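Working from the sequences, and respecting the hints, build out all of it.
Protein chains in written order, with UniProt numbering: chain A, 1 to 170; chain B, 1 to 335; chain C, 1 to 222.
Selected chain B positions facing chain C (in silico; Cβ < 7 Å):
(1) E235
(2) R247
(3) M272
Hint data in this document are derived by calculation from the structure and do not stem from the laboratory. Keep in mind the model is a prediction, meaning the values are calculated, not measured. Beta carbons are placed, not taken as given, at the ideal position from N, Cα and C, and that holds for glycine.
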Amino acid sequence: MGEAVLSYEYYPETLHLVLAKDVKNMPEIKSLLLNNKLDCALIKPCLVPNVFVVLQAAYKASQAKIKGKLITKTIYTEILYNLSPSKNITQSLATFGAQETDTELLLAHFGVSETLQSILSQIQGNFFKPTENIGNPEQIVKFYNIKPIESTVTPIENSVVSRIATRGVV
Amino acid sequence: MVVAIGLEGSANKLGVGIVRDGEVLSNCRRTYITPPGQGFLPKETAEHHRKHIIPLIKEALEVAKMEPKDIDLVCYTKGPGMGAPLVSVAVVARTIAQLWNKPIVGVNHCIGHIEMGRTITNSDNPTVLYVSGGNTQVIAYSCNRYRIFGETIDIAVGNCLDRFARLVNLSNDPSPGYNIEQAAKKGKKFLQLPYCVKGMDVSFSGILSYIEEKGKPLLKSGEYTVEDLCFSLQETVFAMLVETTERAMAHTGSGDVLLVGGVACNVRLQEMMAQMAKERGGTVYATDERYCIDNGAMIAHAGALLYTSTGKPTPWDETFIRQRYRTDEVEVTWR
Amino acid sequence: MDFPADYQLVKQGAEAKIYKGTFLGRPVIVKERFCKTYRHPELEAMISKERLKAEARGILRCKALGVPAPAVYYVDPDSKLMYLEEIDGSTMKDLFTSLLASDDKDAPDKLKQLSLSIGEAVGKIHAGHLIHGDLTTSNFLRHGFKTYLIDFGLSSVSTLAEDKAVDLYVLERALISTHPGSDQYWTHILASYSKSYPSGSKEVLNKFKEVQSRGRKRTMVG
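Below, the structure is given as structure tokens:
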């Protein structure tokens, strides 16, 4: 199981990322999540260019939590919100959160390997370590409104990363 | 050893000074002061200079305990400045040079300020902020020129202060800038004014129109006092000047600052600049009103430097004046 | 600011300290804007907030207009920190300085190429109404065949030819004062500027002449 997890040390916690495919019990997982029984973020992978973007969104969320400046309810909803170019929270969570009809999800959890295992044990699917390229470039470009001229000078993921970083500042 | 007499009259100050190798033997001055709400005009200023220059030359000789035969060199301000006042002084310089049979040197006014400042403060290679009624320049030396890194893209800072003083009807005696400085000490409430820095350049005209449009009603309603506006104006324009100076310093890698020109007398500007320099591990050099305000000694000193380094006076047919004579046009032969 | 031990101070600029380090495993440049104690606190608060915002906006807009700029990784408005993608290149300032001093027979041609790339970048951002506000040779980075623009703290958005002309004027003066002997390359900058901004460069260049002559004609009394 360990090889399917990408872990990143954040102060004061560790972030774990797992990519789940062929998930069979999405409705069940969703309802656990909505009832606060699943301590994680379930991200829709197709709009995420790569791991770094998730690390960044999670970093931003953890900093906001430390400073008491979370805009949404939890650090996990904050990750989803951070990933979104929209300022509408409900819409952001709906767009970036995995939905009942999905079969793939990117799971993000702050904690230790035991807490992660207990979450994973409730998901029926195959687990993979997230790789560099995750999402669907055409969908990402459209969704983040990245024009072809911008793509000529900077990789798509950099465009996404810059938008995420500056959101709330500009 | 060269004894030089310097004649300055590019604006409303008339100055005559005598300098021997950087040592100031005399430095006499008369200022043409206009009524409140009025600036000085070329014709009247030239009249003032014509009236006072001969007595002032005599006074300078007396203070220095010298006679015309002791003088080795006649220096005058070639420019930049107002045409008529410049001419009124240049004519006298040419006359005494011929009368006394001495070589003559035309001096760039800005270079006069810089060289006098360097000598008085013993600063070797500072970044120079030259701020006066007609000039706002950030200058640094490289490759035999004083190069202008930053300057105003519209009006000079001194001009901005003068015009502000006129807007709020402050006295011109002894100078509008001095009266703004004194009033600012009593100001407390800060009014946000347009802060306009473009690279190493600054712009002040927006501040004036803002004061005219928004400041005057605020005075009328009693929300702000004239003192508050003076305070806010100084804090804003000086912050812009310190910032651009710092940018130039970061760009050229130099650590020290020399403040010259009439506005450089302002203690608040000196304080702010000192704070900036301290944070960069440098020093601020400033001179007092004897030297930062236009004077004859600086013209004598800079003229003597030019003359001794080249061994040549200004050719007679080039001893005219130039209203727009840029600092970076002068080849620096003495450094 | 206390940074992890692997952060190194690389430059103390006029308004920011620049550090090199890593962020989430990537090499980054961290720009820490420091407080100007000489400024009135209200003025300082307004300026530092505005500039951080202008920088973030400027970078996004610059990239969107097809001119390379570093990616932004993280912004901390409270500590006035900005984490940026590290661009492993040389500043145009260093390139110009060394090429102008070199006897390499290719130097003039290299300088011409660099000048063309500067003009192209400025033309593109002006075409998109982005005013950089601090165009100096220090704020262009050359990486391979790409020319990056950096330091957008004084940037703004304006459609006015006057603002674009002043932007060019600042660049011209920075070029001349910093690089004596570079005058001839200014024409190349303007040529590629016009080429990459066909719709409006004519009007801007007319204004530019006006701004230039305003500078020269300004009375310098006192």
